[in-house]
Every structure is written in structure tokens, then in C-alpha cells.
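K.L.:
Chains A and B, in that order, are what the protein sequence lines are. For the first sequence, the UniProt record's numbering puts the final residue at 341, and the numbers step up evenly by one. For the second sequence, the UniProt record's numbering puts the final residue at 246, and the numbers step up evenly by one.
One or more hints might be untrue.
[What the hints assert, rightly or not] Which residues of chain A face chain B? A partial, calculated answer using Cβ under 10 Å:
hint, residue
1, Leu83
2, Arg84
3, Ala85
[Claimed, not checked] In silico lysine to aspartate or glutamate, EDC-like type, Cα no more than 20 Å apart, as pairs:
hint, chain 1, residue 1, chain 2, residue 2
4, A, Lys166, A, Asp82
5, A, Lys166, A, Asp65
6, A, Lys5, A, Asp25
7, B, Lys44, A, Glu55
8, B, Lys137, A, Glu114
9, B, Lys137, A, Glu122
10, A, Lys211, A, Asp237
11, A, Lys5, A, Glu227
12, B, Lys44, A, Glu17
13, B, Lys137, B, Glu122
14, A, Lys166, A, Glu180
15, A, Lys211, A, Asp171
16, B, Lys44, B, Glu122
17, A, Lys224, A, Glu191
18, B, Lys137, A, Asp119
19, B, Lys44, A, Glu76
20, A, Lys5, A, Asp22
21, A, Lys224, A, Glu172
These aren't lab readings, by the way, just hints derived from the structure by calculation. C-beta: ideal position from N, C-alpha, C; glycine also.
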Amino acid sequence: MITTKGLTKVYRSQGREVRALDDVDLHVRQGEVFGVVGTSGAGKSTLIRCVNLLERPTSGTVTVDGVELTALSGSEQRAGRDLRAARQRIGMVFQHFNLLSSRTVQQNVELPLEITGLDRRERRRKAAELLDLVGLADKARSHPSQLSGGQKQRVGIARALAGDPKVLLSDEATSALDPETTRSILELLRELNQQLGLTVLLITHEMDVIKSVCDSAALMRGGKVVESGQLTDLLSDGHSRIARDLFPLGDFGTRDPERTVLEITFQGDAPAQPFVSQLARTYQIDINILGAAVETIAGRLVGRMRVELPGSHTDNVVPIGYLRQQGLQVDVLDPSNGAAA
Amino acid sequence: MTWDQMQELMWPATWETLGMVGIAGLATLLVGLPVGLLLVLTDKGGLLQNLPVSRVLGAVVNVGRSIPFVILIVAVIPFTKLVMGTSLGWQAASVPLAIGAIPFFARLVETSVREVDGGLVEALKSMGAGTGTIVRKTLLPEALPSLVASATTTVIALIGYSAMAGTVGGGGLGSLAITYGYLRFETAFMWVIVAEIVVIVTAIQLLGDFAARRLSHRGDYRSPLSFFRSATAKPDATEEDLLSSR
Ligand SMILES: Nc1ncnc2c1ncn2[C@@H]1O[C@H](COP(=O)(O)OP(=O)(O)OP(=O)(O)O)[C@@H](O)[C@H]1O
Ligand SMILES: [Mg+2]
Numbered sequence: 001m002i003t004t005k006g007l008t009k010v011y012r013s014q015g016r017e018v019r020a021l022d023d024v025d026l027h028v029r030q031g032e033v034f035g036v037v038g039t040s041g042a043g044k045s046t047l048i049r050c051v052n053l054l055e056r057p058t059s060g061t062v063t064v065d066g067v068e069l070t071a072l073s074g075s076e077q078r079a080g081r082d083l084r085a086a087r088q089r090i091g092m093v094f095q096h097f098n099l100l101s102s103r104t105v106q107q108n109v110e111l112p113l114e115i116t117g118l119d120r121r122e123r124r125r126k127a128a129e130l131l132d133l134v135g136l137a138d139k140a141r142s143h144p145s146q147l148s149g150g151q152k153q154r155v156g157i158a159r160a161l162a163g164d165p166k167v168l169l170s171d172e173a174t175s176a177l178d179p180e181t182t183r184s185i186l187e188l189l190r191e192l193n194q195q196l197g198l199t200v201l202l203i204t205h206e207m208d209v210i211k212s213v214c215d216s217a218a219l220m221r222g223g224k225v226v227e228s229g230q231l232t233d234l235l236s237d238g239h240s241r242i243a244r245d246l247f248p249l250g251d252f253g254t255r256d257p258e259r260t261v262l263e264i265t266f267q268g269d270a271p272a273q274p275f276v277s278q279l280a281r282t283y284q285i286d287i288n289i290l291g292a293a294v295e296t297i298a299g300r301l302v303g304r305m306r307v308e309l310p311g312s313h314t315d316n317v318v319p320i321g322y323l324r325q326q327g328l329q330v331d332v333l334d335p336s337n338g339a340a341a
Numbered sequence: 001m002t003w004d005q006m007q008e009l010m011w012p013a014t015w016e017t018l019g020m021v022g023i024a025g026l027a028t029l030l031v032g033l034p035v036g037l038l039l040v041l042t043d044k045g046g047l048l049q050n051l052p053v054s055r056v057l058g059a060v061v062n063v064g065r066s067i068p069f070v071i072l073i074v075a076v077i078p079f080t081k082l083v084m085g086t087s088l089g090w091q092a093a094s095v096p097l098a099i100g101a102i103p104f105f106a107r108l109v110e111t112s113v114r115e116v117d118g119g120l121v122e123a124l125k126s127m128g129a130g131t132g133t134i135v136r137k138t139l140l141p142e143a144l145p146s147l148v149a150s151a152t153t154t155v156i157a158l159i160g161y162s163a164m165a166g167t168v169g170g171g172g173l174g175s176l177a178i179t180y181g182y183l184r185f186e187t188a189f190m191w192v193i194v195a196e197i198v199v200i201v202t203a204i205q206l207l208g209d210f211a212a213r214r215l216s217h218r219g220d221y222r223s224p225l226s227f228f229r230s231a232t233a234k235p236d237a238t239e240e241d242l243l244s245s246r
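Chain A on its own, in the form it takes in the complex:
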């Protein structure tokens, strides 16, 4: 649904160059919720703003719903007619809501419809319908200044949906909200994604957001996408940074070469098996559990456990092979740096 190829954005200011995006290839499939995470300054906002060309990439292409937007005419300040038409079908929500204080809630939602040239009655009807969808029908005549942050963001979402977009872009839409409101907004996004088949590309710096609504995720660092894919795939990849951050088990203490630390990740039915006790019984070893967590990610139950076995890695090749045979994903942690070996 959204594809970027070799997307690069270089900012030049006062003779200095900032490579905000560096050869980014991203693929967001139709109907999925795709999250982009990364530290501050990684280029997340630049990426999402390049998707609807609020920012013109220095090079590379952006294709949304089969239309190559980068091929459409216009400068950064002024978009050509085709690009403006394409933008009408891409909704966007913002961290600071960006609602017009001169308009009521209803009028704010009508705004994109005024731009598409819908007549007054149709606008009214559509806006009322959307406000109903986001649960704010009773606030139609209020002004944005009379709403709470969560309500404002709901208006922002209703407004973004006015043009019947196929794609919704969201730059830190929940970052200005408290945890509970964040959850309700994320639930709303998830519902819209499922009910309307909306494809959502969202930017966040909270792993929790990825965990609760995303099907896929990408990690950005220094303008590059260093990792991306479906969460279920990432979770079964022992080297995935995203998977690790979804499941912070903390640092592990031991640096003892005579002990082996394993991280065992299980998905679906795997936790049903009592593999720890089976292992202990079969091989007559003492297993020390260092930490464990179970979460629902992308609708699936996923767990991770960190255990310690006596003996070095080479001593434990057989038990590790046994665990892998049970369909578990096992990573041996390297005692020297705490990362998966």
C-alpha cells in the first residue's frame, strides 16, 4: 500500500548537511498497522512527512496505493493539482492535534470535505457520521478548546477520515496523552483498521504502542531503517532488536563462563508444554529461572523466559537441541556482553 524506494532526505542549513533519511526502503502492506520506532532524531517524522510529500525527498520514490507521488508535480511549498488530489485520500493525524480554534468540532471535521467540494448537506451528514464513529457525537457544537486531549485527538482522527482515505498517517498521535487515553486512542485506531480496512502507518517512540496495535514494525536509527518486518517474524528472530525491546527482561547478571544463559521464546501453543520440568527431568540438570514475561503481541500469545544452566555452552549442546526440537526458539546469551550470541 505504501512503498518507498531509496528514500533519502538531506537537509542543508548553514553549510551543514543532515542526512535525515538515508536510502530507506519501506513496504507497508494493505490493511496492516505498521509502526516505526526509533530514538529522537532518527528521522521518523521526516519519513512520514515524505510519504505524503509534505517534505520533498532529495531522492527516491514514494508510492501510495499504486500512485507514484514523487512523480507528481509540485514544490515543497506548493503542491500540484494531482498531488493535492492524492493527499485527499491520505489521512493524517498529528501529535498536537492541529485543530482550528476558529471552528467547532463539527466544522473541523467538515473542513477536508469543503476542500473536496462536497455540498453543505452531504458535509453535515458525513461529519455527523464520523463524529459518531469516534464517539463524539455529543460534542459536535463544542470548540476544540473545550475538549480534553483525548477528545481532540478523536476529532483529529474523524477529520483525517473525512476523505475516505485508504491510508492513515499518524506522527506520535498519542505522545501528548496519558496512558489510559493513549490506550483508548490506540483501540480506536485498531477498530478503524479492522472495520474500514484502513492501512495505518504510525510513528511512535513507545514500544507499548507497537506491542498493542501493530502488525509490523520498523526500527530507525540515524536515518536508516535497521530492521523491519512482521512482528511475528521478528519475534522468532533471535537477533531482532525490536523483539528484544518488546520484551525487556533486563540485564542478566552472570558473567560466569561455567554457566550458560538461554533465552527461550515461545509463540502460540508452545507454552502449553511444561518444557522446563521436562528438560530438568530428562537431563538431570538444575535450571535456574532468571526472568520471564508473557504478552499478547499482534494478537498472539508470546512468551520469553531467561534460564541459567550449569556448565559452559559446549556442555549444554544437547539440552539446547532438545528445546529447539520442541519448537521453541532458543538463543544463547554471550556472557561477555549480554547480547544474544
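Since chain A is already given, all that's left is putting chain B with the ligands on it; use the hints.
P.N.:
Chain B with the ligands alone, transformed into the frame defined by chain A:
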């Protein structure tokens, strides 16, 4: 001087003042608003970015604001004659008044429009709006309370300037005060006229404030004048409102 004598002189002068300020004010709004908008739009990063136009316009506005008003009146006499057919009287005086006030108002408009949150422009762009739509649907409506306050300030400045216009035969209250108070030592009469000007200025200020407040929607807008107002009236925006409007 009796009260009747005073009144006989004051009424025509009042109409002259209101006439020249009215015409000049109208012309200032009509020209100053687009000029102020263009200053924002053509600037670097603006929707109609055009640096040569922006620089020339900025320079013209600065020159216009630098010329002392008394000199401006004399300097534009040929132009005044061309427009009004004469260089005397209150109608003629409204020409230099407008020329003096346009750059002033344009800068105020520029400031007001710049204060509109860039995020709103961004939001409009993301909906596929063109420049004209952004100006009509966001920049102007969102800046409106502040624009009204700017217009009020400009009209009051025009009343002040109109006293000087009086010195070149424009008539009006200002020149009446100078002629009688300063040249003929009718100090009492001068103070009566000053009092009338104060009443007019206060009325305009109150009207402007009222309009700006009404337009600002439940007090999440604070005009630059609210500082003076807060001494007498309780501001209706609480700190919480201000925070939530961020
Ligand atoms: N208009 C600009 N001019 C110059 N440099 C810019 C501009 N916009 C962004 N940058 C730079 O590009 C880099 C990426 O910025 P971006 O806003 O995309 O980061 P981000 O990942 O969204 O960060 P955050 O999580 O803080 O929002 C930063 O180094 C930033 O300083
Ligand atoms: Mg950002």
C-alpha cells in the same frame, strides 16, 4: 469662550476627523491586509516563497514606516492632487494618512498571521488544500481576533496622526485644539477637545476589544491589550485553558 461657541466649532471638526480617519482606515485595511499577507507568504519557507518580492516589499514597508509623517504629507502632495483633485481639506488629508498607516498595519497583519500555528498550515496541506484555501480557511480565520486588535490599534494611531494632518489644512479636532489651545491660549477649550478625543479613542478601543474577544472563542486567545484590560476585568482564560490549547 462659551459652551455654545465651543460646540459650534467642535461638531464640524469631529466630522472632519471621523471622515479622514474613516476613509484612510478603509483604504488601510483594503491595502494593508494583502500586503501583510504577502509579507508572510513570500518570505522564506512561505507558501508563495519569492525572495525578491519579499525583500522589495519589506524594504518599501520599512521606508514607508521610517518617513516622518509631517514630511510624508508634503511629499505626497502631487499624488494627493491626482487622487482627490485637491491638496486641501480633510478629504485630501486622508491620502497621506492612508499612505502612512498602510505599512504600519501591514506589519501588524504580518505579525498576526505569523502567529498562526504552522501545524494548522501543515494539516491543511495534508488534506490537499492549495494556497488560496489555506489563506481563506486557516490563516485569516485563525488570525482574525488578532487582526481585529491590529485594526483597532491602527485606527487609533490614525486619530493621532490626523492631528498633524490638520496642520496642512486638513481640519479636524487635532488642528482645532492646536489653533485654539496653543495659538490663541484658549486652554480650557483645548482640554475639552482633548477630552473628546479621549472619549473617541476609548470607544474605539472598547469596541475593538469586544469584537476581538467575541471572535476569539471562549477566551483561548489573549490580545496584546489584555495586559491593560486585566487590571479592570477578570480574564476569562484560566491557565488550564491556555495549557490545553497548546
Ligand atoms: N527542517 C529541517 N531542517 C534541518 N534539519 C532537520 C529538519 N527537520 C528535521 N531535521 C533533522 O533531521 C533529523 C531527523 O529529524 P526527525 O524530526 O525526522 O526525527 P524524529 O525521529 O521524528 O525525532 P523525534 O522522535 O524527536 O520526533 C534530525 O537530526 C533533525 O535535526
Ligand atoms: Mg518526530
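K.L.:
Hint by hint, say whether it matches the structure.
P.N.:
The hints, checked one at a time:
no.	hint	verdict
1	Leu83	8 Å, holds
2	Arg84	4 Å, holds
3	Ala85	6 Å, holds
4	Lys166(A) x Asp82(A)	17 Å, holds
5	Lys166(A) x Asp65(A)	8 Å, holds
6	Lys5(A) x Asp25(A)	5 Å, holds
7	Lys44(B) x Glu55(A)	15 Å, holds
8	Lys137(B) x Glu114(A)	10 Å, holds
9	Lys137(B) x Glu122(A)	19 Å, holds
10	Lys211(A) x Asp237(A)	16 Å, holds
11	Lys5(A) x Glu227(A)	15 Å, holds
12	Lys44(B) x Glu17(A)	19 Å, holds
13	Lys137(B) x Glu122(B)	13 Å, holds
14	Lys166(A) x Glu180(A)	27 Å, violated
15	Lys211(A) x Asp171(A)	17 Å, holds
16	Lys44(B) x Glu122(B)	16 Å, holds
17	Lys224(A) x Glu191(A)	31 Å, violated
18	Lys137(B) x Asp119(A)	16 Å, holds
19	Lys44(B) x Glu76(A)	12 Å, holds
20	Lys5(A) x Asp22(A)	11 Å, holds
21	Lys224(A) x Glu172(A)	19 Å, holds
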